[in-house]
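Engineer: Given these sequences and hints, build the entire structure.
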Amino acid sequence: MSDDADLEPYLEVVARVSELARGAEASVDSPVPACPGWTARHVVAHLAGLAQDWVAGYLDDYGSDAWAGAQVARFEGAQLDEVLAAWSVAVGEFADLGPSPIGGTPAMWAFGDAVVHEADLRPVLAPGTQVPDDAVSLGLKAAVARWRAKLAAADVPPLDVVAADMRTWRLGDPDAAAETVTTTGYELFRALFGRRSRTQVEAWDWSCDSAVYLAAGLPYPFHWAASSIED
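This note's numbering numbers the first residue of the sequence shown as -11 and each following residue consecutively.
Honestly, the hints are just simulated from the structure, not real lab data. Do not take every clue at face value.
[Unchecked claim] Result set (SDA-like, lysine to any residue): computed pairs, CA atoms no more than 20 Å apart in a straight line:
no., residue 1, residue 2
1, K129, G91
2, K138, E70
3, K129, T156
4, K138, W194
5, K129, G182
6, K138, D197
7, K138, A199
8, K129, W157
9, K129, D17
10, K138, C196
11, K138, E81
12, K129, D197
13, K138, G45
14, K129, G160
[As the list claims (entries may be wrong)] Across the chosen pairs, the derived CB separations fall in these ranges:
no., residue 1, residue 2, range
15, E190, A58, 20 to 28 Å
16, S195, A142, 14 to 22 Å
17, E7, A214, 53 to 61 Å
18, L47, A137, 29 to 37 Å
19, A199, G11, 26 to 34 Å
20, E(-4), A133, 16 to 24 Å
21, E81, D197, 21 to 29 Å
22, E190, D84, 29 to 37 Å
23, D153, E190, 28 to 36 Å
24, A130, Y46, 39 to 47 Å
25, R62, E7, 28 to 36 Å
Just so we're clear, the structure is a prediction, and the values are computed from it rather than from any experiment. Think of the CB as a built atom: it goes at the ideal place given N, C-alpha and C, for glycine as much as any other residue.
Structural biologist: Written out as structure tokens, the structure is:
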């Protein structure tokens, strides 16, 4: 059975994204800058298909372009209400899912994907709005942990990541002297999910040359955005 602590945040994202899509249906065929080649309709189709794949256990190549592309193609020609209805049905089955074969819970993984795409969709469907702070903070919990492991594998010096409006994370040896980078929680959230370019991240307040940290990259399947994204 799914952990309610993971399931409830996912259900909240599903509700917010569904409301955004229904409230701005005239914009669902507009391109989403953070997802090159996709419209808002494609993003919602991906989220619906991802939920279906978790329920069906289709996790091969999880996170790959081909995996996500197949989800979008599954809803080719479908009306928005049909896509949202299919998503709702799949989400309703999450409570009965067992442990994830790739660690964590299915709802935890689905939340991470959905909250990132909620942020992608808001500039198109609800300009001037952002993902709620509590959802950003929860998204960062997993993202920072995975970046910590990525930097450790690259054997870079310890780094204190300061989200001035949230908290500070130590990445690396807790007892060693550390370099520091300061930004906002939202910017960190967007960057660690590949929605900021190297140039944008270099512009944060670094106590050192950022090159060694940026060269380490981001955890699969993310990478620094090819061009700057403002959202």
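Engineer: Each hint needs a verdict: does it hold in this structure or not?
Structural biologist: Hint-by-hint comparison with the structure:
Proximity of K129 to G91 is assessed by CA-CA distance (about 15 Å); at most 20 Å being required, the pair is judged to hold. Proposed proximity of K138 and E70 is contradicted: the alpha carbons are some 39 Å apart, above 20 Å. With a C-alpha separation of about 12 Å, the suggested pairing of K129 with T156 holds against the 20 Å cut-off. This hinted pair checks out: K138 and W194 have alpha carbons roughly 19 Å apart, not beyond 20 Å.
Proximity of K129 to G182 is assessed by CA-CA distance (about 16 Å); at most 20 Å being required, the pair is judged to hold. In summary, the hint linking K138 to D197 is supported, as the alpha carbons are separated by about 18 Å, within the 20 Å threshold. For the suggested pair K138 and A199, the alpha carbons sit about 15 Å apart, so the restraint of at most 20 Å is met. Distance restraint check for K129 and W157: the Cα-Cα separation of roughly 10 Å lies within the 20 Å cut-off, and the hinted pair is therefore satisfied.
Taken as a hint, the K129 and D17 pair is broken in the structure, with Cα atoms around 32 Å apart against an allowance of 20 Å. For the proposed pair K138 and C196, the alpha carbon gap of about 19 Å is at most 20 Å, so the pair holds. The hinted pair formed by K138 and E81 fails the criterion: a straight-line CA distance of about 33 Å is larger than 20 Å. A threshold of 20 Å between alpha carbons decides the hint, and for K129 with D197 the separation of about 25 Å lies outside it, so the pair is violated.
Proposed proximity of K138 and G45 is contradicted: the alpha carbons are some 27 Å apart, above 20 Å. Among the hinted pairs, K129 with G160 is consistent with the structure: their alpha-carbon atoms are about 16 Å apart, no more than 20 Å. The hinted range of 20 to 28 Å is not satisfied by E190 and A58, whose Cβ atoms lie roughly 35 Å apart. In this structure, S195 and A142 meet the distance hint of 14 to 22 Å, their C-beta atoms being roughly 18 Å apart.
Distance hint for E7 and A214: a CB-CB separation of about 31 Å, inconsistent with the stated range 53 to 61 Å. Judged by the Cβ atoms, the range 29 to 37 Å given for L47 and A137 is violated: they are separated by roughly 20 Å. As the Cβ distance of A199 to G11 is approximately 43 Å, the hint placing it in 26 to 34 Å is violated. A beta carbon spacing of about 20 Å between E(-4) and A133 agrees with the range 16 to 24 Å that was offered as a hint.
Checking the proposed 21 to 29 Å range against E81 and D197 shows it is violated: the Cβ atoms sit about 49 Å from each other. Our hint of 29 to 37 Å for E190 and D84 is violated, since their Cβ atoms are close to 46 Å apart. Distance hint check for D153 and E190: the Cβ-Cβ separation is about 21 Å, which falls outside the suggested range of 28 to 36 Å. Separated by about 22 Å at the C-beta atoms, A130 and Y46 break the suggested range of 39 to 47 Å.
About 23 Å separates the C-beta atoms of R62 and E7, a value inconsistent with the hinted range of 28 to 36 Å.
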